[in-house]
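Please take these sequences and the hints and turn them into a complete structure.
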Amino acid sequence: MIRCVARLVLASFLVGLPSAGTGAESSSARAGGESEPRAGGPAAADLRDRDVEEIVVYGIRPGRLAPIPGASTDVIFTDDYRAESKSLADLLSETEGVRIRRFGGAGDRSEVSIRGSSPSQVVVAIDGVKANSVLTGGIDLSRVCLPLLERIEVTRGAGSLKLGSGAVGGVVNLVTRSTEQGPETRAAFSAGAFETWEGSILHAGEVGRLDYSLGYCGFATEGDFEFARPTDRFGGVDAAFVPDSATRINNDREQHGATLGLGLPLAGGELRFTDFAVFSSGGEPGTDSDNTANAGQSAEARSRDFSNLAQLRWEGPSPTGWGEALEVLAYHRFERTSFRDPQARFRPPIDLRARLMTQGLRVTDVWSPDALGTHHELELQADLAHDVLRATDQIGRERPRAAASLRDALRLFDDRLVLSAGARLDWVDGFDPQILPSAGLVIEPLPWIRIRGQAGRAYRVPNFDELFHPDQGFIRGNPDLSPEDAWNFDLGLELELARAGPFSRIRLRGSLFRREIDESIVWVLINSTTLAPVNVGEATIQGFEVSASIDLGRYLRLSANHTQIDSERASSGKRLPGQPEEETFARLRIGREEAWKIVGEVHRVGEQLVSEGGSRILPARTVWNASASLNWVEIPWAPSPDWARAIWLYVEVDNLTDEAVRDSLSFPQPGRQASAGLEVSW
Amino acid sequence: MRRLAVGNRGRARSLRLLGIGLVGLLLACEGDGSGGEGLIIRNDPDPGCAPAGRDFPSGLAVLSPEVSRAALVQTRPPDVRVYGLDADAPTLLSVVNIGLDSDGDGIPDTEAIEPILGPFRSPVMGEIQAVSDEIALVSTSDYEQVLVVDPRTGRPVEVTIEVPSGIPPGRHPLLPAPGTSATRTGLSTLACVSPPDPVDSEGDPIGVEPACSADAPSFLTTLTAGKAVVGGRLFVATSNLIPRTSRYAPGTVLVFDWEEGPNGIVVRPSVDTPMLWTSVFNPTGLVAFRTPGGRELALVTGTGAIGFGSGASNIRTESAIDVIDPSVPRIVASIPLGLAGPSFDAPAVEPGGRLAFLGASSQRRIYAIDLRALDTPALHARSGPPVVLDGMTLGFEDARVFTADRPLELPRRGDGRASGACEGNTDVTTNALGTQAFVTDFCDGTLTRLRFDLEGSPPVPYAPERFSIAGQSSPFAPNDDFGQLSAPGLVLARPGIPGVDFTSPDLLVLAGQPNAQLCAFRIESDRD
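These protein sequence lines are chains A and B, in that order.
Position in the first sequence (first residue = 1) + 207 = my numbering.
Position in the second sequence (first residue = 1) + 147 = my numbering.
Derived from the structure by calculation, the hints contain no laboratory data.
A couple of the hints might just be wrong.
Said to hold, decoys possible - One side of the interface only, derived from the structure: several residues of chain B facing chain A at Cβ under 10 Å:
#, residue
1, 184
2, 195
3, 246
4, 262
5, 266
6, 392
7, 580
8, 589
Ideal Cβ placement from N, Cα and C applies to all residues, glycine included.
Have a look at this one:
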């Protein structure tokens, strides 16, 4: 009750201004779509209404990854979802081929997989630098604050050429905000269910020749949601926990994120420094596993982590004259984690602390020679990196790695045909060097149709945990592991029409994909009491993705996508777990994007096997979301400060029908939840 | 700043109120996931099997052919599941959760245990033993107790617990006070004990448990394990793993008087002999049987201290089978097995009471003891420490058939898919005729048939030549063959003569990976 009253007070403040009406059209608003496909071939017709400022660009904008010819990619602009209560996990989950597995609500762990991969088989990069933990191989998406990001680049089934080990499923590149959009300040605040509060402030500007961007994001939640517990059913007989529902305890979380970007022209190019830091602290309730009132959750386990990724990048014309664009990047990634559980059941209290560091250097040179009557785009890249682990429960570990890659793209017939081929020689200490070839093809017979194909080899070196987890009796690492090895194949068709009758910005895409993977690393019970990772046999993952997006006038946009995945372990013929066979997402936006919008979404996830070869199946679910947003500045008769570019007010309700949702059998997610917020930019 | 026109102010005010109400209504909606059809987990078991829950079930008891049911114990959620055995695959008939107050004392278990052991404790389900078709006993740990259930339905059964006034106060913190009685569905096995030899399995001294004593080495019993009702008494083994360590305190068998009458069951902690101290650490399985000479005895497996892992290196201390004479009660004999690490389940006694088999917790082998050695009258007429039946004690026979030094090794899986890193974990049962034993191996996923000949009156112990491997099948995958039904554990042959007393499958096996399943096999049972 107190919680509800507090929200009513906040709600009153938020809407204590005159209510909505129709507003005049705002100036130079971007009418962008929710996501922009980039096939990596010739530049597609730019369907976005945009006042284009002339910017001298050398190579690719800092932080972004060059499109891979032939690969299936998406670019998600976070501003397209402004004034909606979205997280990074939300935006990715609404993208075809991408699956998000959540282990709770806001602030709880969430992981990404692409086309049926495991989370450690997806490289998550921040401004082009790999951010996956070298200890666990994965990354917790809940640690990344969405307001600090400008765009999210998703590459499916490719990315090894650029980023090496780990891109078996693909790459998700998170690009932080910069001054590219011009000087701006924006602030946001929201409040939501389960005492969740979030705020951010971002400022980008210029001082003389120096451009800078600063961002801060804070988050706090009690996370004490009620949840329904699972019921096993067979032959009409149910087996359920007592009680059949419980409340999440010890699930509070406090998180602070910050970014800093500095840019300065130097030596004919640009020197840029970026820093991305996150601090997170909170409870770890664990699984719901018991008959007790707290459902067997841990009341005292806590975790705390801090991570920082600093990058110093110079980009400009090659001073040696060899090549046309040179990028030199040095980076340092630091992570400190701790986990304590003084009341661990059946084992001594747990107090683990670890420090992880990675230093790296990358040099990329691009040039565009004409040879043999054709125009080439050559990219040569060299990487050096060094990973270090220091932990309280094991001896220190270090692992150097190095790589070199070369890619050539041929553009023929006025860029209607692009052929690309390349290879990366990748070495990680303790493993044999690997050659990772890839090839791509893009055919654009007409401006509105594109056919693409891509094939390439990918691999993943075992992470420190898999190799060296201390032998604690019931769990241990396996230093004899071999890297995972995979081949990805992808074929796609894309249609883009600016207008057809009353419809505009019509986008239709379809992709067929197949991955053949061997030596997958999975944790198995190697004897009756001990869990350890082993390499298992071959598996195949294949399927298709379709997506469509269409506008009707200025006030209606409909987008939808569907992913179908079929997987099989060769030795057993069984389906791989954790991936639904089908997943569908649809979104309807009504309203003039710069002034107001009402959004409805539906997300259907098919049945999922709980464990590989297992006999227990999580049910299919359909989740509905709705939101309403209003830009106060666009209301002509409403008083608003002259200095404000936009003042957005919004309210959102997720999981309208209060479905019981789980991606993992032992980790509940909240039911229906509402939030309201305010975003101001000036 | 633009000014609001007068004509719009009234409209704005009413819309504002509407907005407040709407937002307030929305923000007050915190769901609990109760919408929709609920989180129903569908089960799709393998042929010949029935789903048995999430993890490795902790126990299985099979009832007589007249009842044709089996009761299985699962840990998450904690419940007793009853299966019909008339079909080719077990049929799940009912599931009964033990609830928040499993022992029926009127206090939720977590609240009852908190003053003694701290917060967040709840019963962790263990083994189940059928005393009869109507009564079965289920061990639970963390909240140490023996639950009494009806194995035909899974429902709890009330018993009367009388605590004699001669029981020292505080010995049984969760039983009724001395001199009182109560009706319960669970018998607390949490007891304060003071070992005569206060040394743990690593050789270090046992400390003082403040809840039990001010100055004497003492501890509270933990890990309630096997139990048996014999000779008017209930015996309950407690392994006594020292909390949050891998060490064991001296093992105990708690002794209760067990009385079944027209008014139900009455259980009383024994005043004269409240507990027996086992000869080795970590008592686990317990079984009652009748010797060929008609003597009622009980066997308790002393597994010894073992670690996490596999192979001989996983076994830390000696193991033995202790023999309890319930008429005294007293441990009258101990049969040493060496560094054997026998399985945690009760010894499998062949129907004639002549021989008992044991599986191995860390290796691919089985052990056996000759029970005829227990019919020696002198064994039961004496007092003092247990007689060691290793052939070295004058006047007593050597009861050892297969031990750590001379085990009965089982063959590896023969199709080239033998398990890699797992060196064996076996369970064994015997058929109703006393001619065959069936052995599962957790690691290789095999089912081995062992033929044995106990006919005649050969000298004690039976010679190893009387035992032979009759065959081996591979109904399960090796434990590291990811994604397939594997990790067979407990195996039980149905009581009765296959093909005569029943024609449905005669052998039940609990498989633990990737999800728990109860599987049925026809070995000696004919189809209709």
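For each hint, the structure was consulted:
With 10 Å as the threshold, the beta carbon of residue 184 of chain B comes within range of chain A, its nearest partner Cβ sitting at about 7 Å, so the hint holds. Interface restraint check: residue 195 of chain B against chain A, minimum CB-CB distance 12 Å, threshold 10 Å, status violated. Contact between residue 246 of chain B and chain A, as hinted, is supported at the beta carbon level, the nearest pair being about 5 Å apart and thus within 10 Å. A cut of 10 Å between beta carbons decides the hint on residue 262 of chain B: the least distance to chain A is about 16 Å, and the hint is violated.
About 7 Å separates the beta-carbon of residue 266 of chain B from the nearest beta-carbon of chain A, less than 10 Å, and the hint is met. Annotation: residue 392 of chain B was flagged as interfacial toward chain A, and the flag holds, the nearest CB pair being 7 Å apart, inside 10 Å. Checking residue 580 of chain B against chain A: minimum C-beta separation of about 30 Å lies over 10 Å; hint violated. Checking residue 589 of chain B against chain A by beta carbon gives a least distance of about 5 Å; that is within 10 Å, so the hint holds.
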